[in-house]
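There are 2 protein chains.
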Amino acid sequence: MKENKNREVKLPFKETKNIVANALKKYVNKSKKDNEVVLKQNSPEKIAEMLNASSIFENGFSNTKELNNFINIYLENTNHLKNPRYMGHQVAVPHDLSGIPDWIHGTINNPSSLYEMGPAGATLEAFMINWMLSQLGWFRGKSLYDFKKLQNNGSGILTHGGSIANMTALSAARSNIAPESWEKGNPKDLVVIGPSTSHYSIVRALSIMGMGKDSFIPVPVDKNEVIITTELENVYTKIKNEGKRVMAVVANACATSTGLFDPIEEMASFCKKNSLWFHVDGAHGAVALLSPVHKLKVKGIEDADSIIWDAHKMLRVPSLCTAVLFKKQEHMWNSFHQKGSYVFHENEVIGMDSMPFTIECTKSALGTKLFWS
Amino acid sequence: MKENKNREVKLPFKETKNIVANALKKYVNKSKKDNEVVLKQNSPEKIAEMLNASSIFENGFSNTKELNNFINIYLENTNHLKNPRYMGHQVAVPHDLSGIPDWIHGTINNPSSLYEMGPAGATLEAFMINWMLSQLGWFRGKSLYDFKKLQNNGSGILTHGGSIANMTALSAARSNIAPESWEKGNPKDLVVIGPSTSHYSIVRALSIMGMGKDSFIPVPVDKNEVIITTELENVYTKIKNEGKRVMAVVANACATSTGLFDPIEEMASFCKKNSLWFHVDGAHGAVALLSPVHKLKVKGIEDADSIIWDAHKMLRVPSLCTAVLFKKQEHMWNSFHQKGSYVFHENEVIGMDSMPFTIECTKSALGTKLFWS
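Chains L and H supply the protein sequences, listed in that same order.
Numbering-wise, the numbering used here comes out as the position in the first sequence, counting from 1, plus 51.
Numbering-wise, the numbering used here comes out as the position in the second sequence, counting from 1, plus 51.
Take these hints with a grain of salt, some might be off.
Pairs involving identical chains hold if they fit within one copy or between any two copies, as the list cannot separate such chains.
Computed list of lysine-lysine pairs in DSS-like fashion (alpha-carbon distance at most 27 Å, straight line) [what the hints assert, rightly or not]:
id, residue 1, residue 2
1, Lys264, Lys295
2, Lys84, Lys239
3, Lys323, Lys81
4, Lys61, Lys239
5, Lys264, Lys239
6, Lys346, Lys379
7, Lys76, Lys289
8, Lys97, Lys264
9, Lys77, Lys61
Just so you know, these hints were derived from the structure itself, not from any lab.
Turn these sequences into a full structure, and let the hints steer you where they fit.
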């Protein structure tokens, strides 16, 4: 960078690795003690100064003292998620070794979006998707090593975060109802309905997708902020009478602010009855699938058309890592394709390249992070 | 995961770290030798089996032998970017220590999109954005530690990859010409013009944004696949006569397949003359700004309205890390806002939270990766 020879690393791998490892280990142990500070509130100006950012950026780390100082100041000025008193935003409290797969990715830089650019990473992504699909009953293979696209299989993809994941699923829903929109642009009569407490990324996705915020029709919720199913019926009847088409019905599983689940099963059967696309925003709560006790909360989720599931929330994976899952695999293939009229042929061999199915072109090795955690 | 006690980590941090560090070091050294294999072509089924993925996923790493085997098989089945004979896709050949900031992020999981969730990471992101802006002459602060929003300052944001970055810039362009679209949806008369050799993510972004592929009007290129400026004029006149409005003019800096730059300066003055938004896709080539020799190739880039710049290409940063930069800071604030009519007040204090300005809600600590590389 900057064609500045000074910036070349002066510390060898071994020294750097040891200093960072010691600092991280100390950090992890200290963070877990509840008499430690969760978050220090320094200004960015002060942090930059304490880090000695300008000098280090210009000259690199010249000696172990400089690196030691940097890493300690850096770690001090973080939010200590492992602290038992941590009550901040809803991202994973990562498990103690969750940095390792990130370290591997950062060293080898094999994006998993093209098989030939990262065979091992792409393999673990496909493996983890099979595992997630099998939790939903959407996997038809004999073992998780079965990467062929089988008849009636579901499909899925890992992507950088829930917002992008919701947009991916909604794009597939749009391709399904209005395949011409990929070339011609949106028709004007599409709307999405869901609880007024839907995550802001749903409405935002619709705005980015050029449908406008007004294309989201909120359904009233009860005092617990859970959707009222009878109101869903009322809203649907009303917009149908207005000549609008429903692109998708969205459910919270669970709501971001309350942690409560919409009645998935009721909503699923409502969608089935009316032939509507059912999208479950399970960023936080799809993880309930893994618990014999809490599984009941997402009963009916297997009848959804699309689901998103953040691994960087309850699966201990550092940000970002979100799965978008489709009951019908052809819907994934249509997300970003020109025609929604794709017909599935059993003999067609679809490769391991995930690039056509995500908003990103290059991706990180998200599957390895998820596998490891 | 899976409430399976077996999956708990049985190897302590120290042992895991040592095994991974040794394997990575060996990998880096071996990769640099040109008599080594760049890429082995195993099938995903075979890789999964060799990795012993099912058993490890169920039971965790039980002993050092298992971890050793896993990491070595994993690294063997990667694309060895550091090999001198590597001729694959255009992502960074990362520098030897580029895994370290990823390791730190993965351990502490401090997303930089909300200041209080990752003060140190957010600080380094703001610092790096200031540095990038200063390369363009778009920074008005006295030092790179100046994080205030100054009059006539540019602004910018780091995001997960070039595709998302192009979409962010194009969203800002849409907010500028049609601020009502955020609530009401796209007007029907917007088009984007650029060389027919534009990266596929541009046209794809327009389709995702609900404008349709047809809203991209390709301009003919010469035999080197560089835009013909007179043709740009012709295309513009034609679409103006058809009653269409130009949302943005896009330039390649450089083109993905050839590495050649469109005539940025000529295109910039064309856009200025006609009051059109000028977007430079500098994913690959904005890095020329750092070279006294190659800087000429992007002459005029400082007259763009928006630029994207991938750090995970020529800046040695592992994927993903892309900057979206705006000449006028208010354009960034408008990217995902309801109204494009924002008026800049000098005294307004805009916080360090980057979340409102990116497609992602949660982000990784992208600034730290860039700072370190």
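Checked hints:
1. Proximity of Lys264 and Lys295 under a CA criterion of 27 Å is satisfied in both settings, with 15 Å inside one chain copy and 24 Å between copies.
2. In the homo-oligomer, the alpha carbons of Lys84 and Lys239 never lie at most 27 Å apart, since the shortest distance is 56 Å inside one protomer and 58 Å across protomers.
3. Taking the closest pair of Cα atoms, Lys323 and Lys81 never come within 27 Å of each other, the shortest separation being 52 Å inside a single copy and 56 Å across copies.
4. Taking the shortest Cα distances, Lys61 and Lys239 never come within 27 Å of each other, neither inside one copy (59 Å) nor across copies (56 Å).
5. In the homo-oligomer, the alpha carbons of Lys264 and Lys239 lie at most 27 Å apart both inside one protomer (13 Å) and across protomers (17 Å), since each shortest distance falls under that limit.
6. For a Cα distance limit of 27 Å, the shortest separation of Lys346 from Lys379 inside one copy, 22 Å, qualifies, whereas the shortest one across copies, 50 Å, does not.
7. In this homomeric assembly, Lys76 and Lys289 never come within 27 Å of each other (Cα to Cα): the closest approach is 59 Å inside a single copy and 64 Å across copies.
8. For a Cα distance limit of 27 Å, the shortest separation of Lys97 from Lys264 qualifies neither inside one copy, at 39 Å, nor across copies, at 47 Å.
9. Both within a single protomer and between protomers do Lys77 and Lys61 lie at most 27 Å apart by alpha-carbon distance, with minima of 24 Å and 19 Å respectively.
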